[in-house]
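Going down the list, the sequences are from chains A and B.
Residue 168, in our numbering, is where the first sequence stops; the numbers in between run on with no holes.
Residue 168, in our numbering, is where the second sequence stops; the numbers in between run on with no holes.
Incorrect hints may have been included.
As the list makes no split between identical chains, a pair holds if one copy fits it or if it spans any two.
As the list claims (entries may be wrong) - Computed list of lysine to any residue pairs in SDA-like fashion (alpha-carbon distance at most 25 Å, straight line):
1) Lys114 x Arg78
2) Lys32 x Ala117
3) Lys11 x Asn127
4) Lys58 x Asp106
5) Lys11 x Asp154
Rather than coming from a laboratory, the hints here were simulated on the basis of the structure.
In this text the structure is predicted, and so the values were computed from the model without any measurement.
Protein chains: 2
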Amino acid sequence: MQICQITGFKNSGKTTLMSQLIRYFSEEGLKVGSLKHHGHGGEPDMAEGTDSEKHFKSGSVISGVQGGGLTQLTLHRPFEIEELIQFYGRFKLDLLLVEGYKQADYPKIVLIKNKAELSLLQEVSNIIAVVTCDVHLENPGYPAFDMNDLHNDITALAGHIRRDSND
Amino acid sequence: MQICQITGFKNSGKTTLMSQLIRYFSEEGLKVGSLKHHGHGGEPDMAEGTDSEKHFKSGSVISGVQGGGLTQLTLHRPFEIEELIQFYGRFKLDLLLVEGYKQADYPKIVLIKNKAELSLLQEVSNIIAVVTCDVHLENPGYPAFDMNDLHNDITALAGHIRRDSND
Numbered sequence: 002m003q004i005c006q007i008t009g010f011k012n013s014g015k016t017t018l019m020s021q022l023i024r025y026f027s028e029e030g031l032k033v034g035s036l037k038h039h040g041h042g043g044e045p046d047m048a049e050g051t052d053s054e055k056h057f058k059s060g061s062v063i064s065g066v067q068g069g070g071l072t073q074l075t076l077h078r079p080f081e082i083e084e085l086i087q088f089y090g091r092f093k094l095d096l097l098l099v100e101g102y103k104q105a106d107y108p109k110i111v112l113i114k115n116k117a118e119l120s121l122l123q124e125v126s127n128i129i130a131v132v133t134c135d136v137h138l139e140n141p142g143y144p145a146f147d148m149n150d151l152h153n154d155i156t157a158l159a160g161h162i163r164r165d166s167n168d
Numbered sequence: 002m003q004i005c006q007i008t009g010f011k012n013s014g015k016t017t018l019m020s021q022l023i024r025y026f027s028e029e030g031l032k033v034g035s036l037k038h039h040g041h042g043g044e045p046d047m048a049e050g051t052d053s054e055k056h057f058k059s060g061s062v063i064s065g066v067q068g069g070g071l072t073q074l075t076l077h078r079p080f081e082i083e084e085l086i087q088f089y090g091r092f093k094l095d096l097l098l099v100e101g102y103k104q105a106d107y108p109k110i111v112l113i114k115n116k117a118e119l120s121l122l123q124e125v126s127n128i129i130a131v132v133t134c135d136v137h138l139e140n141p142g143y144p145a146f147d148m149n150d151l152h153n154d155i156t157a158l159a160g161h162i163r164r165d166s167n168d
């Protein structure tokens with residue numbers, strides 16, 4: 002299972018890029034998994050009035066709901082990324098795209114929205130590409146892609162991910 | 002990990018009883034997990050506009066979101082109950098309460114709303130108690146509890162579960 006992280010500061014376009022990449026690779030026939038760290042956003046939203054929410058509010062430490070080919074598990078505890086990746090590994094995925102978890106050491110795409118965010122390039126390891134938005138970087142030191150081009154054609158970045166972060 | 006199933010026809014009060022039992026045992030200090038089969042209700046609801054939903058719609062076969070001590074995993078595939086129980090087993094639970102999965106063979110509470118539903122007692126295995134609602138059963142063949150009493154005091158049923166379905 003190949004792993005690639007999408008990292009960037011808040012509102013740098015991580016979620017949009019994740020969705021674009023998941024869609025692109027899935028349409029290419031790859032079996033894709035995704036994992037997001039909510040960062041400072043707190044707990045993930047739960048659909049109100051659902052059984053998961055009811056069980057959870059009643060005190061369940063793990064609640065699972067299965068139906069129609071979909072299985073949802075809600076776990077009242079955090080996990081180390083390695084533990085989650087081990088779990089994902091059971092599903093014979095081709096690619097796992099990870100949003101956040103800046104401190105992890107998997108191959109990374111770094112999103113840079115403006116020059117003030119360039120510090121991120123010093124903070125994270127294993128960078129394979131930089132994606133910029135409305136800013137031109139001279140000699141960024143890594144293969145660079147323009148977010149505005151990605152909206153039109155994500156092929157180049159996707160190909161780069163498959164080549165440079167393959168296991 | 003002790004396992005107990007709550008089974009019954011549609012609208013027999015399974016979800017309410019699950020919540021009551023989860024709350025009771027959790028308040029008693031037990032580490033409780035819960036699992037529900039959605040039956041004919043189709044897929045479990047997803048909170049709209051969440052990252053899980055976005056990833057899922059983009060084609061992700063597994064999407065995970067972690068934040069604030071909560072981890073949500075959404076898997077685009079069904080599981081056998083045994084496979085899920087194996088996963089739950091990793092979390093050192095005291096008790097797993099299971100709603101649905103009538104064909105499984107774990108100790109069961111059967112909910113009977115009216116006499117027409119008595120057939121269920123022939124359909125499932127490993128019955129440890131019957132919970133009735135607005136119907137009086139003569140010689141049900143199993144320890145019987147009245148749903149209306151449970152709303153006031155769930156202690157007797159909870160004690161029975163701990164005694165009769167313990168591993």
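Do the hints match the structure? See the list:
In this homomeric assembly, Lys114 and Arg78 never come within 25 Å of each other (Cα to Cα): the closest approach is 33 Å inside a single copy and 37 Å across copies. Taking identical chains as interchangeable, the C-alpha atoms of Lys32 and Ala117 are never at most 25 Å apart, the minima being 36 Å within one chain and 47 Å between chains. Only within a single protomer do Lys11 and Asn127 lie at most 25 Å apart by alpha-carbon distance; the minimum there is 20 Å, versus 53 Å between protomers. In this homomeric assembly, Lys58 and Asp106 never come within 25 Å of each other (Cα to Cα): the closest approach is 35 Å inside a single copy and 28 Å across copies.
Taking identical chains as interchangeable, the C-alpha atoms of Lys11 and Asp154 lie at most 25 Å apart only when both belong to the same chain, with a minimum of 24 Å there against 49 Å between chains.
Of the hints listed earlier, those the structure fails to meet are numbers 1, 2 and 4, in rising order.
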